[in-house]
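Asker: Based on the provided sequences and hints, a complete structural model is requested.
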Amino acid sequence: MTTVAEALSPPRPRRRVGRQALALVRRHALTVYALLALLYLLLPIAVVALFSFNDPRGRFNYVWQGFTWDNWVGWDAVPGLRSALETSLEIAALSSVGATALGTLMGLALVRYSFRGRSAANLFVFLPMATPEIVLGSALLALFLTMTAALGFWTILVAHVMFNVSYVVVTVKARLIGFDRHLEEAAMDLGANEWTTFRKVTLPLIAPGVLSALLLSFALSVDDFVITNFVAGTTVTFPLFVWGAARVGAPPQVNVIGTAIFVIAVGVMLVNVLVNIRRAKGVP
Amino acid sequence: MTFLRRHRRLVPYLLLAPGVAWLAVFFVVPLGFLAYQSLEEQDVVTYETSFAWAWHNYPDAISGNLPQLLRSFEYAALATALALLISYPLAYWIAFHGGRWRNVLLLLVIAPFFVTYLIRTLAWQSILADEGPVVGLLRDLHLLSPSGRLLDTSLSVVAGITYNFLPFMVLPLYVSLEQVDRSLVEAAKDLYASTAKAFLRVTLPLSMPGVVAGTLLTFIPAAGDFVNAQLLGTPKQWMIGNVIQSKFLELIDYPTASALSFLLMAAILALVAVYVRVLGSERLTG
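Residue numbers (my numbering), protein chains in the order written: chain A, 1 to 284; chain B, 1 to 286.
These are computed hints drawn from the structure, not numbers from a lab.
Misleading hints may appear alongside valid ones.
If you only want the chain A side, here are some residues facing chain B, beta carbon under 10 Å, derived [said to hold, decoys possible]:
id, residue
1, A21
2, L105
3, I257
Now the in silico label distances, taken between C-beta atoms and shown as ranges [what the hints assert, rightly or not]:
id, chain 1, residue 1, chain 2, residue 2, range
4, B, I110, A, H28, 44 to 50 Å
5, B, A77, A, N193, 53 to 59 Å
6, B, L70, A, P79, 20 to 26 Å
Pulled from the structure, derived: some chain B residues nowhere near chain A, Cβ distances all over 12 Å [to be verified]:
id, residue
7, V44
8, V45
9, D140
10, G148
11, V202
12, K236
13, G241
Just so it is clear, the structure is predicted and the values come from calculations on it, not from any experiment.
The C-beta atom is built at its ideal place from N, Cα and C for all residues, glycine as well.
Answerer: Here is the structure:
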């Protein structure tokens with residue numbers, strides 16, 4: 001079958017072949033470009049992992065000298081590393097629980113209810129994320145200095161809860177948007193009171209979102225350097241330890257911890273993805 | 001419980017109250033103290049500060065640190081543009097050609113997030129170091145003079161910033177590209193649009209919310225960053241973040257540091273407001 005347009009333009013078939021070839025090149029160019037971008041993203045991780053097995057001579061862990069397990073076996077041979085890591089994990093555990101509690105309640109309010117001032121509340125929650133970390137950190141320092149609060153564990157904890165709340169709200173909201181309010185109304189119609197409805201219907205439905213928010217804020221807390229640097233005083237968290245060590249040459253043990261955190265985090269995420277796939281297939 | 005049943009309207013406010021209170025005390029109030037501190041006068045000898053409506057701190061802070069201020073916005077704009085160039089094709093590829101590997105590919109994109117920020121940057125330090133493989137290769141190829149360096153240059157700082165905030169760019173781009181209705185692209189092609197034209201007229205406009213969100217999420221932390229300039233640069237590459245943190249934590253010049261913090265925030269807010277007005281996106285705060 002020949003359309004009028006094709007009949008009127010004889011050179012069309014040749015152009016189409018050319019166009020197909022072009023499309024082929026273009027599609028592969030895109031794939032190559034995307035793979036290169038992924039390589040760029042992952043290259044430094046490979047370097048971090050590789051140099052955790054390096055046996056450096058001198059204080060700079062820049063040049064590959066030879067393979068060794070020593071850094072992994074003796075990961076806490078560097079003074080101060082273990083206590084910095086412990087401080088980081090404690091703060092991450094406490095601040096992620098606190099931020100998740102506050103943020104989940106806010107997420108529930110912002111998605112499930114329509115009320116006066118809701119868009120203002122949405123904007124307010126968004127503001128800390130739109131403020132550079134250095135401003136958040138220096139503002140908190142200004143507060144603590146004026147209050148003559150002792151800088152340390154508690155000021156870090158308070159700061160971490162603050163910057164995590166917004167991320168929790170965003171995460172919980174994203175999971176709540178498809179939430180069917182009729183399920184709660186049905187439970188109430190069947191005689192359940194508010195608390196039972198919340199426990200038996202609402203909580204199980206929002207649980208995956210809350211769990212993701214908890215994990216995200218834990219990760220953000222362990223990783224935070226800029227704000228922590230302002231409010232830490234003499235307390236040392238893991239990123240602050242790395243910062244201090246970087247000035248004189250970071251020991252390979254820093255790479256060991258970095259690699260370990262990475263492997264654990266990606267492992268947790270993989271489990272999460274796999275569970276979601278199984279759930280989607282209907283396997284309990 | 002009966003109280004709640006009777007006052008149903010209060011429920012959302014009660015749910016919001018603890019979080020809003022926390023943000024008020026540890027986000028809004030501190031900004032007030034920052035403003036207060038920026039108007040203080042500091043004794044040069046004793047470092048004692050006292051409140052004095054010292055508005056001159058602002059012009060002084062600008063004139064004393066203009067190169068670093070301008071450099072912050074220059075580097076941040078460059079890094080954002082580079083991140084967009086790298087991320088758009090990647091996000092497009094994952095959304096349109098990723099198939100069932102999409103989630104795994106996204107995981108790979110987020111993966112760098114889980115190596116501590118400082119360690120990631122230190123990894124670039126070792127990749128770009130003078131004794132490192134990249135410099136060696138470029139020198140052998142005569143793309144770099146025998147004494148040429150990559151580390152401690154504007155290039156390495158911009159590259160570091162681009163890298164560190166890349167996932168902030170890829171994720172919003174992916175989300176908006178993934179939502180693009182494929183049948184609209186098909187329709188454009190059925191109406192004799194070339195692949196390029198269908199992309200420019202259909203896919204690209206529909207992905208604009210992702211472009212706006214991604215560029216903002218990259219630009220804001222980039223403009224305030226000081227870690228990359230510190231670890232991958234020298235004081236010649238210092239950005240305003242380096243000045244703020246050294247004045248706060250090393251030089252103890254609180255009034256100037258506070259004024260600079262405020263200026264940074266105001267400049268970013270102004271830029272963001274103009275940008276959002278021009279490109280239009282009310283979905284940003286959702």
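Asker: Indicate, hint by hint, whether the structure satisfies it.
Answerer: Here's how the hints hold up against the structure:
no.: 1; hint: A21; result: 13 Å, violated
no.: 2; hint: L105; result: 4 Å, holds
no.: 3; hint: I257; result: 8 Å, holds
no.: 4; hint: I110/B <-> H28/A: 44 to 50 Å; result: 26 Å, violated
no.: 5; hint: A77/B <-> N193/A: 53 to 59 Å; result: 56 Å, holds
no.: 6; hint: L70/B <-> P79/A: 20 to 26 Å; result: 42 Å, violated
no.: 7; hint: V44; result: 19 Å, holds
no.: 8; hint: V45; result: 19 Å, holds
no.: 9; hint: D140; result: 17 Å, holds
no.: 10; hint: G148; result: 18 Å, holds
no.: 11; hint: V202; result: 17 Å, holds
no.: 12; hint: K236; result: 18 Å, holds
no.: 13; hint: G241; result: 5 Å, violated
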